[in-house]
Amino acid sequence: MSESSLPKDPGAAAADAPVVEVAEAAAAKLADREPILQVRNLVKHFPLTQGIVVKRQIGAVKAVDGVSFDLHAGETLGIVGESGCGKSTVAKLLMSLEQATAGEVFYKGQDITKLSGRALKAVRRNIQMVFQDPYTSLNPRMTVGDIIGEPFDIHPEVAPKGDRRKRVEELLDVVGLNPEYINRYPHQFSGGQRQRIGIARGLALNPEIIICDEPVSALDVSVQAQVINLMEKLQDEFNLSYIFIAHDLSIVRHISDRVGVMYLGKMAEIGTDAEIYEHPTHPYTQALLSAVPVPDPEAREHRERIILSGDVPSPANPPSGCRFRTRCWKAEARCAEEEPLLAIPTRFAEVDTPARHESACHFAEEKDVVGAA
Amino acid sequence: MATSVELSTEEGGTEGGPLLDVRNLHVEFRTREGVARAVNGVDYSVDAGETLAVLGESGSGKSVTAQAIMGILDSPPGFVTQGKIIFQGRDMLKLSGEERRKVRGARMAMIFQDALSSLNPVLNVGEQLGEMFTVHRGLSRKQARAKAVELMERVRIPAAKERVRSYPHQFSGGMRQRVMIAMAMALEPELIIADEPTTALDVTVQAQVMDLLADLQREYNMGLILITHDLGVVADVADKIAVMYAGRIVETSPVHDIYAKPAHPYTKGLLDSIPRLDQKGQELYAIKGLPPNLLHIPPGCAFNPRCPLAQDVCRTEVPPLYRVSRDRASACHFWKEVVGDDSAPADKA
Chain P
1 MSESSLPKDP
11 GAAAADAPVV
21 EVAEAAAAKL
31 ADREPILQVR
41 NLVKHFPLTQ
51 GIVVKRQIGA
61 VKAVDGVSFD
71 LHAGETLGIV
81 GESGCGKSTV
91 AKLLMSLEQA
101 TAGEVFYKGQ
111 DITKLSGRAL
121 KAVRRNIQMV
131 FQDPYTSLNP
141 RMTVGDIIGE
151 PFDIHPEVAP
161 KGDRRKRVEE
171 LLDVVGLNPE
181 YINRYPHQFS
191 GGQRQRIGIA
201 RGLALNPEII
211 ICDEPVSALD
221 VSVQAQVINL
231 MEKLQDEFNL
241 SYIFIAHDLS
251 IVRHISDRVG
261 VMYLGKMAEI
271 GTDAEIYEHP
281 THPYTQALLS
291 AVPVPDPEAR
301 EHRERIILSG
311 DVPSPANPPS
321 GCRFRTRCWK
331 AEARCAEEEP
341 LLAIPTRFAE
351 VDTPARHESA
361 CHFAEEKDVV
371 GAA
Chain C
1 MATSVELSTE
11 EGGTEGGPLL
21 DVRNLHVEFR
31 TREGVARAVN
41 GVDYSVDAGE
51 TLAVLGESGS
61 GKSVTAQAIM
71 GILDSPPGFV
81 TQGKIIFQGR
91 DMLKLSGEER
101 RKVRGARMAM
111 IFQDALSSLN
121 PVLNVGEQLG
131 EMFTVHRGLS
141 RKQARAKAVE
151 LMERVRIPAA
161 KERVRSYPHQ
171 FSGGMRQRVM
181 IAMAMALEPE
191 LIIADEPTTA
201 LDVTVQAQVM
211 DLLADLQREY
221 NMGLILITHD
231 LGVVADVADK
241 IAVMYAGRIV
251 ETSPVHDIYA
261 KPAHPYTKGL
271 LDSIPRLDQK
281 GQELYAIKGL
291 PPNLLHIPPG
301 CAFNPRCPLA
311 QDVCRTEVPP
321 LYRVSRDRAS
331 ACHFWKEVVG
341 DDSAPADKA
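So the sequences go chain by chain: P and C. Numbering-wise, the UniProt record's numbering puts 287 at position 287 of the first sequence, and it's gapless, one number per residue. Numbering-wise, the UniProt record's numbering puts 14 at position 14 of the second sequence, and it's gapless, one number per residue.
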């Protein structure tokens, strides 16, 4: 068992005990609080049909196929995975933009997948979204003031009519834009500024949860850091909970408290950022991490690279058993027959180690691929 | 503009010169709003078997330079106003359209970022790959198809024989990019320009594609210009790096040195502003402000409004490329301070 230090406490590398304490303290802190959002066995299948007059269902794209996680107040949960793994569909389900096929999403104990009408509208006020592409997610024919103020038309109780302009100016100020820009149009802004407008719109209704779907992937490197810093500042200021969906593993690590790794509609592994990045136990997480190019030629030479063969299988026809087995170097007969459940692997259940976190693999085993130690 | 410091690391290689030598290249776009100076005096060179990474943000001129080299600049509005592009001893800018067409594809080829929109959706990939041979080499369609299968095998597309009749939309992103690479490789060019070849791909596939590209380059001893904004990809494959900002090269360096000790405040800012996978840092360093509008590039050093070290001289005088060491150069009046004040944080590696 390799016991390596957490980055927060590099001095403790020699002793095992302090490391475990840190991890336990963090876990205890989270367990104390009631999660603000509980997702249980969420499923979304998109039907595949054949025929023009008489439509028959011939199958389904299993975009999300049984995903469970919790989100606590003030926490950032990162969700990573390759394109097509279902991470954006999860975002849409949480927003009730798509109807779930099965499963529940509890917001403060209330299942929002069953809500409609007024009750749904009330919940949506508290869950807002920031979209990926700041170029297409803002209406080019509306002024910035109208874009940010539009949520108030739908939820007039948040800001009375006379107050709105003042509120919008405040919001512009909060996200670091000049309040005098209120009458400008989106095309007059750069990509980073537009994403700030998108964030201001997300904040307008004082939500508790913001779901960010690839919020910085369309931005230039030097502007990405500005937006990430802004999001972290806003989280502290307003005690926001983020679900941060991205394919850039370095950014997810930077901003997240906990990270979930998705593969083909399922959660492969979930844990704190140190557990996932420094003590990954699922082979997919290990491969994903090892493939990330690190901007440091010295570090690169000490890293082992796992290059996966092939592509992600089609979600319309996922492999039996473990979905990763077709690309996995550890796959055995058992993996094809028996689907591994997302749970703490039995071999780590009794041991105090950062490897003790939920991982959906029959042969879960620790491996440091990032070379952080 | 006084910017001609010799940049090639290996002077006088085979046949007395590098494979490609770009000298003082200027490109401008004449638009209705005014003249956008996209490239303002770029010098770089690539030897056979060497990988040059050109790093920059959108609007830095990295892709426009590549288009000028390939001779595929949209003209009008784009015009090469000055400079030389010497490829295998001949100045490409002096060739006729017909001569240039013979070079393009056969001697130098390009791989584009977005494979789906670069491939023709109504032709199967076999026809598109075969076109290279029917047009340039005069092969029959049947021979061309056999060549296409061979190429697809070379870029490790499984079941090439069956897939040669498939259409681009039937391929995954990574496989499509392999088709693009196969197309660029078809006539065994001496130089390949890859413009953000893996930006649209997932990390696991990105690693496969970069590996393939590096293997092919080694096998055929090609020169490779890799255009990217990803500092991570660069670290893995490049021999040397040229960092571009507002149409100029602001720093050139062998790959190892630039990460340990950047010599330009822009490079340093970029390196500090990316989160690291193996360290959970505190707040990210953010370069303030925005990249400049090419219609109104700031006077003096184009980076001065965003630079923490900017002094009066930076607002008036364009910094030349100062020689930092034998094979490094930086276009910063205060490069000594940049290299110097970096020594402390560099310890942590």
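Keep in mind the hints are simulated off the structure, nothing from the lab. Do not rely on the hints blindly, as some may be mistaken.
[To be verified] In the BS3-like style, the derived pairs of lysine-lysine whose C-alpha atoms are separated by at most 25 Å in a straight line are:
1) C:142 to C:261
2) C:142 to C:102
3) C:280 to P:367
4) P:233 to C:261
5) C:161 to C:142
6) C:102 to C:147
7) C:94 to P:233
8) P:92 to P:114
9) C:288 to C:261
These numbers were taken from a predicted model, which means no experiment stands behind them.
Hints and how they fare:
1. A hinted pair counts as satisfied when its Cα atoms are at most 25 Å apart, and residue 142 of chain C with residue 261 of chain C does not qualify at roughly 55 Å.
2. With a CA separation close to 23 Å, the supplied pair residue 142 of chain C and residue 102 of chain C stays within the 25 Å bound.
3. With a C-alpha separation of about 18 Å, the suggested pair residue 280 of chain C and residue 367 of chain P falls inside the 25 Å cut-off, and the hint holds.
4. Between residue 233 of chain P and residue 261 of chain C the CA atoms are separated by roughly 30 Å; this puts the pair beyond 25 Å, and the hint is violated.
5. Distance hint between residue 161 of chain C and residue 142 of chain C is fulfilled; the C-alpha atoms sit about 13 Å from each other, no more than 25 Å.
6. Between the alpha carbons of residue 102 of chain C and residue 147 of chain C the distance comes to roughly 20 Å, so the proposed pair stays at or under 25 Å and holds.
7. Using a Cα cut-off of 25 Å, the hinted pair residue 94 of chain C and residue 233 of chain P is violated, with the two alpha carbons roughly 55 Å apart.
8. For the suggested pair residue 92 of chain P and residue 114 of chain P, the alpha carbons sit about 15 Å apart, so the restraint of at most 25 Å is met.
9. Simply put, residue 288 of chain C and residue 261 of chain C have alpha-carbon atoms about 21 Å apart, close enough for the 25 Å limit, and the pair holds.
Consistency note: the structure conflicts with the earlier hints numbered 1, 4 and 7.
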